[in-house]
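Q: Chain by chain, the residues run as shown.
2 protein chains.
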Amino acid sequence: MSNRHTKMDMEPLYEKPRKQTIGLVFLGTGLVCVAVGFVIGWFSRATTTHISEPKSERTDPFQHILNDLNKDNIRDNLKNYTSKQRLTGTQNVKDMVKHIAQQWRDHRLDKVEVISYDVLMSYPNITNPNTVEIVIQNGSSIFTSAFVEKALDADGNQSDIIPPYNSWAPPGIAEGELVYVNYGRIEDFMFLKNSLSIDVTNKIVIARYGKIFRGDKVLNAQRFNASGAILYTDPADFNIYGTSDVYPDSWWMPDTGVQRGTLAGDGDYLTPFYPAREYAHRLAIDKALIDIKIPCQPISYGDAVHFLRDLDGPAVPDDWKGGLNITYRIGPGFINTTRKVKLTVNNYLTVVTLENIIGIITGNVEPDRYVLLGNHHDAWVFGAVDPLSGTATLTEITRVMGEMKQSDIRPRRTIVFCTWGGEEAGLIGSTEWVEEYMKVLYERAVAYINVDYAVDYIDNLMAGTSPLLQDPLYQAAKIVPNPDSSSPYKTLYDVWNKTNPGDGTGEPSVYYSLGSVSDMAAFYQRAGVPSIDMWYDYDYKKWDILSYPLYHSAYETFHMFTTFIDPSFNYTLAVTRLWGSANNNLTLAAWNFYNHIQTVDKNDLLAVRMANDKMMQLERAFIDPEGLPGRPIYKHVMFAPSKFDSYTDNSFPGIVDTMFEIQHNNASSWELLKQQVYVATYTIQSAANSLDPIGL
Amino acid sequence: MSNRHTKMDMEPLYEKPRKQTIGLVFLGTGLVCVAVGFVIGWFSRATTTHISEPKSERTDPFQHILNDLNKDNIRDNLKNYTSKQRLTGTQNVKDMVKHIAQQWRDHRLDKVEVISYDVLMSYPNITNPNTVEIVIQNGSSIFTSAFVEKALDADGNQSDIIPPYNSWAPPGIAEGELVYVNYGRIEDFMFLKNSLSIDVTNKIVIARYGKIFRGDKVLNAQRFNASGAILYTDPADFNIYGTSDVYPDSWWMPDTGVQRGTLAGDGDYLTPFYPAREYAHRLAIDKALIDIKIPCQPISYGDAVHFLRDLDGPAVPDDWKGGLNITYRIGPGFINTTRKVKLTVNNYLTVVTLENIIGIITGNVEPDRYVLLGNHHDAWVFGAVDPLSGTATLTEITRVMGEMKQSDIRPRRTIVFCTWGGEEAGLIGSTEWVEEYMKVLYERAVAYINVDYAVDYIDNLMAGTSPLLQDPLYQAAKIVPNPDSSSPYKTLYDVWNKTNPGDGTGEPSVYYSLGSVSDMAAFYQRAGVPSIDMWYDYDYKKWDILSYPLYHSAYETFHMFTTFIDPSFNYTLAVTRLWGSANNNLTLAAWNFYNHIQTVDKNDLLAVRMANDKMMQLERAFIDPEGLPGRPIYKHVMFAPSKFDSYTDNSFPGIVDTMFEIQHNNASSWELLKQQVYVATYTIQSAANSLDPIGL
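Listed in order, the protein sequences are those of chains A and B.
Numbering-wise, the UniProt record's numbering puts 538 at position 538 of the first sequence, and it's gapless, one number per residue.
Numbering-wise, the UniProt record's numbering puts 400 at position 400 of the second sequence, and it's gapless, one number per residue.
Any given hint might turn out to be false.
[To be verified] With a straight-line cut-off of 20 Å between C-alpha atoms, the simulated DMTMM-like cross-links for lysine to aspartate or glutamate are:
1. Lys674/B to Asp286/A
2. Lys340/A to Glu175/A
3. Lys287/B to Asp266/B
4. Lys340/B to Asp199/B
5. Lys405/A to Asp110/A
6. Lys342/B to Asp199/B
7. Lys674/A to Glu278/B
8. Lys635/B to Glu626/A
9. Lys405/A to Asp68/A
10. Lys342/B to Asp310/B
11. Lys674/A to Asp118/B
12. Lys287/A to Glu671/B
13. Lys674/B to Glu278/A
14. Lys111/A to Asp692/B
It is worth saying that the hints were derived from the structure and are not from the lab.
This one's a predicted model, so the numbers in the text were calculated from it and none came from an experiment.
Next comes chain A alone, as it looks inside the complex (with noise of 0.2 Å):
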């Protein structure tokens, strides 16, 4: 679902803390300073160990993964699997989940699993539309939302588009005034509560993509009793310059896009914490527990004009403006104060059978240690660039990496090549799988390193990263090249420090704070796996938006992908590149200390391992087994997302979103809010004892 903007260009979410709270605010940071010292510190401290193995043996290998990426490979895997839509549940995604993971053992990869799951999903009833009507005084439509988007390319002229909707809306007819609410945060709905006394209750929504998770846009307006939400992709934030050169012309969104996207999940909903594997006791589908209440649809901006330009009451402040040629109002209501809303969805739950596909490559020394490739294979529709040139990658590196074992050059720990299904709709593949495997992955994986798309743009690299990994990745991209053969920045490492540099760290720019946004959230999040995730973007700091303009739109195309995204490949192919290098550094390396690339006699062997497992108990002593207040799946206590956007992430999430609540409800959180300054000292005090040698 990879929306990875927010946490660079969020406003806080919460107002300036009061007085009362300005001494927890400080403790809060302290926290976070203490702890990112600490590991830093530490790193500092592992750095002096030695180097004893001569370069030239260990540098085949590690230029084998970079010569021998082939990017027309690359593209052949993209224009297969963008052949079709790719939704989770269809026997499309099968077919190809079948294609994958021959490919897979055509590669010679030791062992390659096809895992079933049978979990929840919602769909859009085919049969009976979801609709955004205008309706007269008798009840009778004057203008209906478009049920498909009109296909503006060969490769999506197909006949089995999923039509656009939100996943986990549930069916209902809401019907009344509308009020436009901006993008439908907290403070939007706070300023027209306080600034414009203007309350929602049992009144429709419109709301625009961006800044903010979707979700978190249609619980807002649950929270203040909206009877439901319509979601649409402003030009503002799709088609910036307001030009018509739209796509098929550029990569702009045109009126006719819609974006999909799923409102809510963690996994599957009738299976929590255990996988949803054929012997699972299911939950009845009405207890699962979904937060959405209210029926809400997506629609394009072709169609949103039709609805904005009519509404009544006062005109919208500069920064709730949008794009479109209209006075932008709030309403509630139309001027013609007989015409309303009628939001119709009807939108159904079902179980289904998902697939990952699993592939490994024992490891001949540590086999009980592993590094995990992942990315996601389901798509809203063609998935050009989400996930399908993640998918593309991952293929092309199987190959290459079970050429080397064919050469005897096995890693000398197990890879795990993993690509999920049903992601799109919660990450429901890759949580499940964590959950199966909890224990061992909890216990044995070294790094999870994910792909979901490989490029959106070719701006710039971007990358969230354990603390831990951060060195891994830094190594990988020296000696990736740059993609572009003409700068003078030789190596990716170079470009990435010069096109997004780092605040003040004279390295490229990493943030730490990995969510929900992609399927390293069950890897990170529960089983403590220190992980990363990456992709080649475009430059947020030039276009200040949520997504590339496309996104999980029916025009993600091959066509649009090798015509506006990465048409030569060189950027899909560098991505491929440090993938296959950061695997590398954790794999082939015998003494890995993660942030430390080295190699020892074989009688250190039982050091190294040691050495190495302090350093992978040092994540796992931020796992919490009891959870965040609220929130028991969520187990990582420094990070995660915040409770309140789940796009955005905080550092010591259980200090933070208690701290939000004490502000915007009341002042029983406080108890709350010192337990968890208490947790998050103990979990501090925990993870130092990780890295004693003893630790008692």
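Following the hints, put chain B in place on chain A, whose structure we already have.
A: For chain B alone, kept in the frame of chain A given last:
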């Protein structure tokens, strides 16, 4: 608190399953069989690995511990430790801790630390005694229970003995009719209700100690709406031959003795899940989830007879008859209906500091793998059996192992000596310490070996063990001499197998269900550390009693121990040797594989580590972070104390407890039962994964 016979002599708590449960009983039983078979099967395979190091090299350290442990030292330690009462929170126990810590330091352990926790405790009010009275119509008392136990030997003639009480019984006054409820089990209350139509609502119940954990008697009384509870030691269970030959003339309970004991507790009530260190956030005392809600007080049988002999109502059935020379009647109320019982409890709650001593000898090969030897040092009064017979031996082990270290016989793994405070009130010292070091214990602890008290009689050895530690324990017993040197059975193993044979196994009896009776609980139930609990015991087939008679009374003195328990100290020495030898098997041998003592080349150290990691992870696979239904603190899916008797342990407790609830309440737990079967299946699969080299 140690009352460890119940698992053998308990009748099933629930009735025969009705037809609809048969399938699930079968399934539950099947799961246990599968799990146990699986573990055993794996063991069989493991024992085929090779031994490569000559035996002579390790003979010396193994013999060292046998030869150098000195029973005179143990006797001296015991005399010293029992010289005063050792109640948690008093200066006496602090003085002893200081003394023991200094002994351990003198023994040259690498590190000795006293670690303190500030925890909630429950005490009787010394100036405002708890009383059980018979009152007449004008409210005046014609009989009042004794405030203190009369001293019966010189050792016990001290002024600062805590009066009898039950920890966590809340203050309160109950007045009304009395009902005799036998042992206070569910089936006793059900018999009253269903067969005799006697309702205990708003009545005071009197129950005899025995059969089940005392706290569950009070919880049962609450469930049936009693207003208060009186517990007493009936001669039938504490002076079973009914002679006048009682303490100080024998080990049987005199009519002045009272059993103290806690009614509840799994660690500190104010800091659930987290350690009660100085930085802790504590719940307000009125938020502590203490489930004992009615006043309760224990009395002697010399006092109890005043209440029981005048009861009205039907005579009791045969199996309800105690050993007093009266006709046991049920009540409700006295023959003289103007007389009532008045129960006054003035216990109070307060936060006190308790102390654990942690002593460490660092391993020289794998310092990050620990074997822990643990015992508690707090007592209700003098604690000559419980627990100081264990503490005295632990200190002697530190002496010999300190000597071994000084002679350069350093263990390969780290040995951690622990003596806990606050055990009697609910395993508090050990639980808080496990909470503090949960992460490293989960990841690094190989085994925890508990000796609460070393000896309560000399009939036979008793041992509970995780299946993983059964073989190291047997191997240790095979090199310890039989404490009775005149016996034809030369080793402890031989005499154990003779006096307490396993049921058809050909090996000595052990039980697998390590419950919450002593300090292994937090290690085993929460951190998944394979554990042993052992002691020398009376023959429970000869005497069908739940504890030795003077248990938790003021008569557990040095005089009592050296006169009636183990005057020669030969049996105490045997337990000491067994404890030290079991530790040797897990810390001296290089290849320990838990059940198979082996040694290997230095070059294979990594292979050894990997093999042992799998075994460690096997036990951890049974730890479910989500915990058991309604009891999140209990996380071991395979073994836990019964929800309905903390002294009884269930296999697959989530299943068995839920079945019990279905029997007694309604069918609404059926869904939960199915879910628990699923969790058990999942857990067994996780265990299988843990034993696989890769496991994915």
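Q: Does each hint fit the structure? Answer for all of them.
A: Okay, the hints, checked on the actual structure:
Distance restraint check for Lys674/B and Asp286/A: the Cα-Cα separation of roughly 17 Å lies within the 20 Å cut-off, and the hinted pair is therefore satisfied. Restraint check for Lys340/A and Glu175/A: the C-alpha separation of about 7 Å stays at or below 20 Å, so the hint holds. The hinted pair formed by Lys287/B and Asp266/B meets the criterion: a straight-line CA distance of about 16 Å does not exceed 20 Å. At roughly 17 Å between alpha-carbon atoms, Lys340/B and Asp199/B fall within 20 Å of each other, so this suggested pair holds.
Between Lys405/A and Asp110/A, the direct Cα distance comes to roughly 9 Å. Compliance with the 20 Å bound is thereby established for this hinted pair. The suggested pairing of Lys342/B with Asp199/B holds, with an alpha-carbon distance near 19 Å, which does not exceed 20 Å. This hinted pair checks out: Lys674/A and Glu278/B have alpha carbons roughly 14 Å apart, not beyond 20 Å. About 11 Å separates the Cα atoms of Lys635/B and Glu626/A, which keeps this hinted pair within 20 Å; it holds.
Taken as a hint, the Lys405/A and Asp68/A pair is honoured in the structure, with Cα atoms around 13 Å apart against an allowance of 20 Å. For the given pair, Lys342/B sits about 15 Å from Asp310/B by alpha-carbon distance, which is consistent with the 20 Å threshold. Distance check on the hinted pair: Lys674/A and Asp118/B sit about 17 Å apart at the alpha-carbon level, within 20 Å; holds. About 12 Å separates the Cα atoms of Lys287/A and Glu671/B, which keeps this hinted pair within 20 Å; it holds.
The straight-line distance between the Cα atoms of Lys674/B and Glu278/A is roughly 14 Å, inside the 20 Å bound, and the hint therefore holds. About 15 Å separates the Cα atoms of Lys111/A and Asp692/B, which keeps this hinted pair within 20 Å; it holds.
Checked against the numbered hints listed earlier, the structure breaks none of them; every hint is satisfied.
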